[in-house]
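J.: Residue numbers (the numbering used here), protein chains in the order written: chain R, 5 to 466; chain C, 4 to 92.
Be aware that a few hints might be false.
As the list claims (entries may be wrong) - PhoX-like cross-link-like pairs, simulated, lysine-lysine; straight-line CA separation at most 25 Å:
#1 C:K13 to C:K48
#2 R:K201 to C:K48
#3 R:K6 to C:K13
Stated by the list, open to error - Listed next, the stretches of chain C that the computed footprint assigns to chain R, with coverage defined by at least 3 CB atoms under 8 Å from CB atoms of chain R:
#4 21-28
#5 40-48
#6 64-71
Bear in mind the hints are in silico, worked out from the structure with no lab data behind them. These figures come from a predicted structure and were not determined experimentally. Heads up, the beta-carbon is just placed ideally off N, CA and C, and yes, glycines get one too.
Here is how the chains run, residue by residue.
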Amino acid sequence: MKSYDLIVVGAGPGGSAAALTAAEAGLRTLLLERAESPGEKNASGFALSSKAWRDFPFIREMELPSMRWCRKCVAHFLSPPPEMEERFAVSSGPSRRMSYPEARDFFTVGMLRREFDPHLAGLAVGAGAELRTRSLVTGLVRESGRVVGVTVEGGEEFRAPVTIGADGVLSPVARLAGLREKWRPHEVTSVCIIDFKASREVMDDVIHDAGFQAYFGPGMGGNFLIAYTDGVHVGGPGVTNSLVSRVVRSRSKPARELLETVAAPPLQRLLRAIRAEPLEWQAHCLSWMDRMPENIHCGGLMLVGDAAGLPEPLYAEGVWQAMYSGRLAAEVAVEALEERDTSAAFLASYRERLQESPVGQEFVAGVQLRQLFELLGDPEACGELEEMAVDLAVHLLMSGQEPKAEAMARVFPILMENIPTVTTLARIYLPLLLQVGEEKLRFYSALARGLRRLLERFPWEL
Amino acid sequence: MEINRDQLVKVVPSPRDFIFLDRDACDGCGNCVVICPMDLWKIRKGQATLASKYRGSCLECGSCYLACDRGAIDFTYPPGGSGVTYERT
Numbered sequence: 005m006k007s008y009d010l011i012v013v014g015a016g017p018g019g020s021a022a023a024l025t026a027a028e029a030g031l032r033t034l035l036l037e038r039a040e041s042p043g044e045k046n047a048s049g050f051a052l053s054s055k056a057w058r059d060f061p062f063i064r065e066m067e068l069p070s071m072r073w074c075r076k077c078v079a080h081f082l083s084p085p086p087e088m089e090e091r092f093a094v095s096s097g098p099s100r101r102m103s104y105p106e107a108r109d110f111f112t113v114g115m116l117r118r119e120f121d122p123h124l125a126g127l128a129v130g131a132g133a134e135l136r137t138r139s140l141v142t143g144l145v146r147e148s149g150r151v152v153g154v155t156v157e158g159g160e161e162f163r164a165p166v167t168i169g170a171d172g173v174l175s176p177v178a179r180l181a182g183l184r185e186k187w188r189p190h191e192v193t194s195v196c197i198i199d200f201k202a203s204r205e206v207m208d209d210v211i212h213d214a215g216f217q218a219y220f221g222p223g224m225g226g227n228f229l230i231a232y233t234d235g236v237h238v239g240g241p242g243v244t245n246s247l248v249s250r251v252v253r254s255r256s257k258p259a260r261e262l263l264e265t266v267a268a269p270p271l272q273r274l275l276r277a278i279r280a281e282p283l284e285w286q287a288h289c290l291s292w293m294d295r296m297p298e299n300i301h302c303g304g305l306m307l308v309g310d311a312a313g314l315p316e317p318l319y320a321e322g323v324w325q326a327m328y329s330g331r332l333a334a335e336v337a338v339e340a341l342e343e344r345d346t347s348a349a350f351l352a353s354y355r356e357r358l359q360e361s362p363v364g365q366e367f368v369a370g371v372q373l374r375q376l377f378e379l380l381g382d383p384e385a386c387g388e389l390e391e392m393a394v395d396l397a398v399h400l401l402m403s404g405q406e407p408k409a410e411a412m413a414r415v416f417p418i419l420m421e422n423i424p425t426v427t428t429l430a431r432i433y434l435p436l437l438l439q440v441g442e443e444k445l446r447f448y449s450a451l452a453r454g455l456r457r458l459l460e461r462f463p464w465e466l
Numbered sequence: 004m005e006i007n008r009d010q011l012v013k014v015v016p017s018p019r020d021f022i023f024l025d026r027d028a029c030d031g032c033g034n035c036v037v038i039c040p041m042d043l044w045k046i047r048k049g050q051a052t053l054a055s056k057y058r059g060s061c062l063e064c065g066s067c068y069l070a071c072d073r074g075a076i077d078f079t080y081p082p083g084g085s086g087v088t089y090e091r092t
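Using the sequences plus the hints, can you model the full thing?
T.: Here it is as structure tokens:
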């Protein structure tokens, strides 16, 4: 039996960020990974947000062959089957109003988990952590109600006063600790991904920096395309349609829904243009909560990342959350060891600090954010939204077919005709605004800035 | 474009079982059949049946375990070093 200061279960982004932080603080850290090497168990379809560049020095220094910088996001809205042709699209670069420089420069960087995870685990090892692969945790060691170690398959035992469970959405550690049996069907999604290889040169010409694209449509719910240096991942169905409770109710197979989206003419044209060849079929579940999860620690144990249910409530983005929570849990572990107190009461500060952190802030108005996405997954509501967007765009900007002023004058009647759709949106948006106001996010300062600009620019004398 | 799922996965077959069905608890609802991304579940005689080849083709997503509301499916992981590998090669 070997002893450490900290055991981290799972060498994904959350586990490696935890192990790196702990090892840098001088903790004797063991990082356990069930795969042959980190990253090979993880379906990719992965785009790391600019938040990671803001928060992690080691991300700012990172260079990986698969990295493609996304400075343009595209949302395609398709007509219902069988046509599935593009009816409307929104394409945008980053906004100059974002609160930190990286967010004003790019949205995300697409890269492969097969490169990213070993890179992070390598940093943890470089800082002094011990990585043991092919090690599946099958038991926890407890003393006086606290977790004081783990056993791996084969019976080998490792001891440490603190364990961090970074073992993903199914988290055997959470289950062994009695924190959770499994996520309930409305708390978890089941997503499929197809990995395509493509010519890098053609990708540079055709995709360029439009590295994140989403495909919506009546009943489709939001499939995604993420671009790498020399390939793309197409994943789906979108989070609402892949929610396990929705899948079992609708009896619609997630795998078939993704294959139908990939067969849609706009995607087929794009895949042909980049000379895409299918390489891999992947599947993965993601927890998808509308509020910050509760049971994420006990005596001697903290859960991070997907194991803690931290993917955010709109797109179920989770890698930045995993790294952020991993680092925070390691910081709390360092304090617990200094104070010689690994009780549940002491480790409760992990959840409290996480709730106050940007990760916790992602759950503000989580209920409304999920309603918004469910609206896009609803065949009727999404169809109405799509046609309203088409009508407004054509009459405002693209009305070459009729006298321009006459077309523009029709914008107001179009909005009036769509009062039910607008009201549905307002019913989600106004409570969201209220909750954001109550949480004192950046809303009020933006409002003040807008009013100030209005006062400066408007010709009030008229 | 043909997407042949079986040809697009690489799995080192697990030397032991890691998905377990409690036949007494299974009511044949078919949730596992609908959700499995590899179509490894079937309903036979009113009960779920897992394909015998699953140790060499399961993607370890755990969807069947999460979708089973009777608690009839238990999912663990294959032993370290075996199971699905995403290598993109």
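J.: For each hint, tell me whether it holds in the structure or not.
T.: How the hints compare with the structure:
1. C:K13 to C:K48: violated (31 Å)
2. R:K201 to C:K48: It is violated: about 42 Å lies between the C-alpha atoms, which goes past 25 Å.
3. R:K6 to C:K13: Violated, at about 34 Å.
4. 21-28: Since 0 is below three, the answer is violated.
5. 40-48: holds (count 3)
6. 64-71: Since 6 is at least three, the answer is holds.
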